[in-house]
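S.K.: Same order as they appear, the protein sequences are chains U and H.
Heads up: the first sequence begins at 1 in the working numbering, then just goes up one per residue.
Heads up: the second sequence begins at 1001 in the working numbering, then just goes up one per residue.
The set of hints was computed from the structure by calculation and includes no laboratory data.
Every value quoted in this text rests on a predicted model; they were computed, and no experiment measured them.
By construction, the Cβ of each residue, glycine as well, lies at the ideal position given by its N, Cα and C atoms.
Treat the hints with care, as some may be off.
BS3-like cross-link-like pairs, simulated, lysine-lysine; straight-line CA separation at most 27 Å [said to hold, decoys possible]:
(1) U:Lys106 with U:Lys450
(2) H:Lys1051 with U:Lys133
(3) U:Lys146 with H:Lys1074
(4) H:Lys1068 with U:Lys146
(5) H:Lys1036 with U:Lys146
(6) U:Lys17 with U:Lys365
(7) H:Lys1036 with U:Lys494
(8) H:Lys1036 with U:Lys186
(9) U:Lys24 with U:Lys453
(10) U:Lys427 with H:Lys1018
(11) U:Lys570 with U:Lys548
(12) U:Lys611 with U:Lys594
A short, non-exhaustive set of chain H residues, derived as facing chain U with CB atoms under 10 Å [what the hints assert, rightly or not]:
(13) Tyr1061
(14) Thr1071
(15) Ser1217
(16) Ser1218
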Amino acid sequence: MLFSLLLILMKKRFEPKENYLETKKKIGYVPRKESTQATYDRIGFKSGLEVHQQLKTDEKLFCHCPSGIYNESDDYDAELIRHMRPTLSELGEYDGTALMEFKTRKEIVYRIKNETTCTYEIDDTPPFPIDRKALGIAIEISLLSKLNIVGEVHITRKQYLDGSIPTGFQRTAIIGVEGEIPLKRKNIRLIQLSIEEDSCREISDIGHVRTFKTDRLGIPLIETVTYPDCINPDEVKEACNYIRFLNRSTGKVKTGMGSGRQDVNVSCRGGTRVEIKGVAHTRLIPELTHNECFRQWALLSIREELKKRVKDISKWSICHKKLNYYNFNFRYTPVTEAWKKQYKIIAVNLPEFKDILSHFTQPGKIFADEISNRLMVIACLDKPNMTHSEEFKSVISLKDMEKIRKILKAKDNDAQVIFWGPEDDIKTALETIEERCRMAFEGVPNETRKSFKDGTTIFKRVLPGADRMYPDTDSVPIPLEDEYIEQLGQNLPKEVIDMYHQLKKWNVPEDTYTFIFKKNHFPLIDRIIKELKIDPRFVGTFFGHHLKFVEGHHIPAAEFKYSIIHAMFKFLKEKDLDLELAKKILPVIYEYPKIDFESVLTVIKYKKNSKEEIFSHIPFLKNKFRENRKSAIKKDENDWIMGELRPIAIGNLPLKELYVAVNKMK
Amino acid sequence: MSDDFFQGYKGDALEVLKKFNTRVWGQAVIDTTRGKFNGTILPRAENDDDKHIVLKIPTGYNVGIDIKTITEMKETGYKKASYKIPEKAFPYTPGLPGVKLFGTGGTIASRLDYRTGAVIPAFSPGELYGAVPELADICNLETEKVFAVFSENMGPEQYKKLAKAIGKEIKEGIDGIVIGHGTDTLHHTGAVLTFMVQNTPVPIVLVGSQRSSDRPSSDAALNLMHAMYTAGHSDIAEVMVCMFGPTSDEFGLLHKGTRVRKMHSSYRSTFRTIGDMPLARVTRKEIIPIKKRYNQRRKDRNVKILPFFSDEVTMLYYYPGMKPDALDLLVEAGYRGVVIVGTGLGHVNKELYPAIERAHAKGVHMYMTLQTIWGYVHMFVYDTGRDMMAKGIIPAGNMLPEVAFIKLGWVLGQTDDPEEVKKLMLTPINDEITPREPYNGYLVYQGGIPEVEDFIRRVHK
């Protein structure tokens, strides 16, 4: 009798992991690979982009420091400290993010290197006039993006209280509004393009101290912002690539690690615009946007569930109790460590939140993670900072958990969070927990989120609004005359979409396009095809496959200028050598860019042979193969003979022609 | 009234606004030859041209539209913005000292001015509390706007008014006084108040900010907290300037009003005590004394207010090849006192001697100070110095040039008798001339030297 009762009790025991899987199913989560447009239509996928691109200039945007010199984190000449305090916007409003950042009470440490940082970067000198070269490039890119160019550039201050800029704001200015980029199947509208100074690079963020270095700070940057016109993850990636290729087509932007970054805005139907910040690579975009859209969909499901349970939200509130460490048998290391640091351990009751904490949000993530991440960012509690009643694997014993529930006077349908931290941070932490839970009743909070390679995201900060803008009282407006813009418009490169169509027309395989656009090789390919009259498909493939391979596997001894490829083809043409030879020459000239082509021929052991001479070897080889034959198949015979003849044939006749000859001979 | 509708617009731009019947703060859709724009029309700064209209677009950015390109413009709405710091009544906490904050203008609190496009001072206790609520934990604050001028517009009238207001407040029993002030002439006011408000029983603290409070990284809030703490809790009853020690948000320094000088146009740590050490360091929680001797806080209210100032005093910054008429013209214009800022140990060229003689004969009081900023005037070292003294120039010791100017103005506001003037000028009231210069009174570290670089790397600048 007793035994069967126990069995029933055990059966009914709540299993968080199961709840996670059930809720995942309930909201209809589908992995990206199995998703179709219908999946995204169902949840109302909507996404737009903010694409950042550093410009290639010698100096920074508002001072005369060199642009693009980076240093290691521990290589610095001085450190200084700032605190950021929210101020009013031009329209007299405080910005939401600003107030949150203030709550975090961070001490910001800047590590500066004299070589790359002057008194401007650290906000001890007002700005110098804007770098005109950078301004010119930004206008060119705006013209390519079909934007309406402003009549006068107004430098604006955009508040950033996270410390990433020592002034507490970024100087930024609009160059154009309302443009458009063409994708393969549709157009994506652009909201605006701005020019701005790049921010500091974060070194660390521990507790109440955040450390930055200032080498990147002030490098000219443009930001292209699209409307949320993308309706599936692949479109977002395509749009992002298009903008990046367009920027690169000018040849006037920086390339390499970190020179191009993007923020992606995502929402689902009924959701909110959430910004995924600093996505390092376009290939990560589809997974990130897919998961974010479903996260919002999950949060809406949580909202519906909570609405059913709580009729009057204004009466909903959390309660908490400080736990006496000695009354419990805590074994979980973070808790015992916290106690050693004299942290307070606090238990919080969340009424009606049972099976909400373990509700699916992202693959491998549950609602409790949303709380934990906010505790880290807003209350400065380093992770692990909490545990809760719905851990997949509980770190607090059942007995202790029961005790905690009793202390909190918890009801069956409640959930509990236990967190720890320094006494000074407890108040903010409690407010943070209550705030996040209250937001669950409303749906999806306005957030900026940080991305991870696995396609998931975590809370970074509250999404700032237009309220954080303020005119820069240290600068005067810069008029842009019609003549100036016309002059800049005269030397624009071909549009990316036209290049795309041209490559298609040339029958160049599509798998080469990304490489060609990314490296801005189209102008050179175009020149080789037109000037040297070489088969376009051959040239395109040569760049997209062979050059790409060589770049990935060889290291040049000196700077490799791509124009050498043009010279190489010209040389082959003039010497009337077969173009296949280019594939053998490329690795050599890539590694030793200063070598002359005649010497390369020696290096690759090229000998001039007539067609007839090469063909004359075929009968001998046929006999040889048949003597030692291991295969009776004709193709094997041909392949073997081709293998034998290829080294002397390359450069003397097309291999196809040779194959035909080999195949023809009995 | 119509002016209000077109705030700051003039000439052609104003005509365009009128033509299309659109106003400042109106939401507008503008068709141009460069495409369509929409947003709110903002006021235009007075000094900007009449060729553009300023628009705040929906994303919060401002852009200018060239009026030449405008083909059509339509007002679709209207919403005037009011820039206001949230005002909250400053709470009273029993047991905390009472501090009076006098507002004079400057960037300690400020707001945007559409007229010039720059920042103008704003001031009210409620606004201050709204912006820096921490102040309520330091003291019970009262505020009074004595006048509102930029620091560079301070002058004799403001000095006298301020001194009298301070005297009145001390007599009424306040525990400390803070004066919010623009930084450009903060040290002039520091000096003048030292002379005009003598024997103060409470701290009198001058404070400003090098970055206007409309920016998140402003030093205003921290400076204000340091100043309030000093005024309310310190036992140094002197006129002091309280500004950043390092450029980092770490601590403030309390400088004597007579020995302090602004040494950098824009650095936060611009104020430095010259030829001596500062009085103390101040954080939000404590005062850490540096100098052992200072005038201590007292219970009595025996303050002496001496609000005198003559505007017939000037300064002459010597340069090589200066011609005598440079001095003659000043004398002709009626100046009774001239502070000469000489080279080296206190020199000017021989060519000036006849002009010096003429000025002396006319009873002009001439005092010698130094372009080197640091060090003493030593006119006995070379013959030229002795010659000049014979011709009536009096060496002003290690008095800073600006302080000598202020003091001469204050003295000539009281007497014209050469002996009396000399006695007052050379008898220090609070270290404007010090009997000795400590070895660490002159520290200008040179970058690039390994020991210095090592020091800078270790200590927050």
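S.K.: Can you name, in rising order, the numbers of the hints this structure does not satisfy?
M.R.: Violated hints (numbers, rising): 10, 12, 14; every other hint is consistent with the structure.
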